[in-house]
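A.B. asks: Single-letter residue listing:
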Amino acid sequence: MAKRVTVDKAKPGQILAEELARHDGVLLAKRGSEVTEGLLRMLRRQNIETLVIEEEERRTKEEIAAEHLANLARLDAVFARVEGEPVPMALKKTLAFMSGQERDKSLAVLELDEETGNGAEGGEGEGGEEGKESPEGGREVGSEGSVPGGAQGPKGPAGPREAPDGDKKKPRGGKKN
Amino acid sequence: MADPTMVQDRMQAKKEVRRIKNLPTVPGIVAKISRIVENPETSVNDVGRLISQDQVLSAKVLRMANSAFFGMSRKISSISQALVILGFEVVKGLVLTSSVFDMIQKSMAGLWEHSIGCAAASGVIASYLGRDDAEEVLVAGLLHDLGKVVLALNLPEEMKLVRDKVERENLYFYEAENLLLDFNHAEIGEWLAEHWNLPESLAEPMRLHHKPEKAVLKPEWTSIVHVADVIIRAKGFGNGGDAMVPSVSPAAWEILGLKKTDFLPILELLEPKLNSLKDLTALN
Ligand SMILES: [Fe+2]
Ligand SMILES: [Fe+2]
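Protein sequences, first through last, are from chains A and B.
Take the first sequence: its position 74, counting from 1, is numbered 74 in this note's numbering, and each next residue is one higher.
Take the second sequence: its position 46, counting from 1, is numbered 223 in this note's numbering, and each next residue is one higher.
If you're looking for bench data, these hints aren't it; they were derived computationally from the structure.
Everything numeric in this text was worked out from a predicted model, so none of it was measured.
Any given hint might turn out to be false.
Pair by pair, the computed Cβ-Cβ distance ranges are [to be verified]:
1) B:Ala208 x A:Val26: 37 to 47 Å
2) A:Val26 x B:Asn216: 34 to 44 Å
3) A:Ile64 x B:Gly248: 49 to 59 Å
4) A:Leu27 x B:Asp309: 18 to 28 Å
5) A:Leu27 x B:Val393: 41 to 51 Å
6) B:Glu218 x A:Ile15: 45 to 55 Å
Derived, one-sided and incomplete: chain A residues facing chain B with beta-carbon distance under 8 Å [what the hints assert, rightly or not]:
7) Ala2
8) Val5
9) Thr6
10) Ala21
11) Arg59
12) Lys61
13) Glu83
14) Ala90
Pairs of lysine to aspartate or glutamate, EDC-like flavour, derived with a Cα cap of 16 Å [stated by the list, open to error]:
15) B:Lys450 x A:Glu54
16) A:Lys30 x A:Glu18
17) B:Lys450 x A:Glu49
18) B:Lys455 x A:Asp8
19) A:Lys9 x A:Glu49
20) A:Lys105 x B:Glu346
Glycine is no exception: its CB is placed at the ideal position from the N, C-alpha and C atoms.
Produce the entire structure from the sequences given, and follow the hints as far as they go.
C.D. replies: In structure tokens form, the structure reads like this:
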């Protein structure tokens, strides 16, 4: 998470979430670099009033875990109508993976089906299966139990049941990371 | 099926759409720009001057030009500069968007965020695919649901019925529209685009973002906006009037040559943009 703060509120040691440029466009500091006293002085001199920093992690582990579960429940609810369609399911898995990553990098695993390959993320050891997180109890949230009257969908696309990238045999390296 | 009294005659609806004319300056400035551009003598500075006359509008345009949308390393400080750097069509799209900003905000809570989110996602997908027209595709994403604005402002009762039905039956917005009104925001968008003389390359994604396989002029643009629309709902950023994630058109997916593993890098590029775009949520 990033937030915009005034130069007065910024503190050395914080990380820039966006690069800083002078009003005439000259780059002052790259994204990801650390805020220093010197940089803040320079910003004041250049009349640059705000900067965007990475927000410090103030949430507890429990809060992050709870948020992750809430994310998974939301995903279950909003993907209810495309359950089983390969492309939307890949999107859902990817979002679940990114949410899990925030909770614990070493547990988050992205597994897309065989032809899209690995995604065996960062986990050194850990046997990361747990990260797949079949959403415990996520179901009850949101979808009100009803997969909406599938029958009446007027002319909406019935859904890409055949995977467009259909042929199962290109074991792709998965270009990730 | 729909209550017959609710079923609107298409021609009637078309007439209703024409009433957009009476709404704020929208077509005014955009029409003026198009007019002076037809004159071969017109220079970038002339266009810049015309837009700059409206200071509130230019300020909005510059904010968008300098936002995470385009990730410019240099600050764009004037409309003329924006015209040079982003190109005429993009600036015109930003002018259009800025002048309908209030309308979008008023029409439906969350629609503005849905629109800028879809724009950002469109831009990200286009650059990820290595396209050099990412800025223009982004504008197409920005405008894709403009038909909903017209529906909300010109046919408020129908809008309410649609929203209730979406809510009650967990439908997609366009499904509820089709059932109740026999037309949907994509078609309204088409009429609007025609009425405003928007280029066909922008009109097509407005018309076909829910059936991108029908696009003929710029199928890639429409496909990108389609996928971006799916992604941004899945992210839960903003609200286009319905929460459910729809299918991805296999044709669009194929046209773009995307793979399932592409979602991760795309979403990783999108995330920081969405965070900084929160700045744009109040554009006044
Ligand atoms: Fe739409
Ligand atoms: Fe949309």
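A.B. asks: Evaluate each hint against the coordinates.
C.D. replies: To see whether the hints hold, each was checked on the structure:
no.: 1; hint: B:Ala208 x A:Val26: 37 to 47 Å; result: holds (38 Å)
no.: 2; hint: A:Val26 x B:Asn216: 34 to 44 Å; result: holds (37 Å)
no.: 3; hint: A:Ile64 x B:Gly248: 49 to 59 Å; result: violated (29 Å)
no.: 4; hint: A:Leu27 x B:Asp309: 18 to 28 Å; result: holds (23 Å)
no.: 5; hint: A:Leu27 x B:Val393: 41 to 51 Å; result: holds (43 Å)
no.: 6; hint: B:Glu218 x A:Ile15: 45 to 55 Å; result: holds (51 Å)
no.: 7; hint: Ala2; result: holds (5 Å)
no.: 8; hint: Val5; result: violated (12 Å)
no.: 9; hint: Thr6; result: violated (14 Å)
no.: 10; hint: Ala21; result: holds (6 Å)
no.: 11; hint: Arg59; result: violated (16 Å)
no.: 12; hint: Lys61; result: violated (21 Å)
no.: 13; hint: Glu83; result: violated (10 Å)
no.: 14; hint: Ala90; result: holds (4 Å)
no.: 15; hint: B:Lys450 x A:Glu54; result: holds (13 Å)
no.: 16; hint: A:Lys30 x A:Glu18; result: holds (7 Å)
no.: 17; hint: B:Lys450 x A:Glu49; result: violated (21 Å)
no.: 18; hint: B:Lys455 x A:Asp8; result: violated (21 Å)
no.: 19; hint: A:Lys9 x A:Glu49; result: holds (10 Å)
no.: 20; hint: A:Lys105 x B:Glu346; result: violated (38 Å)
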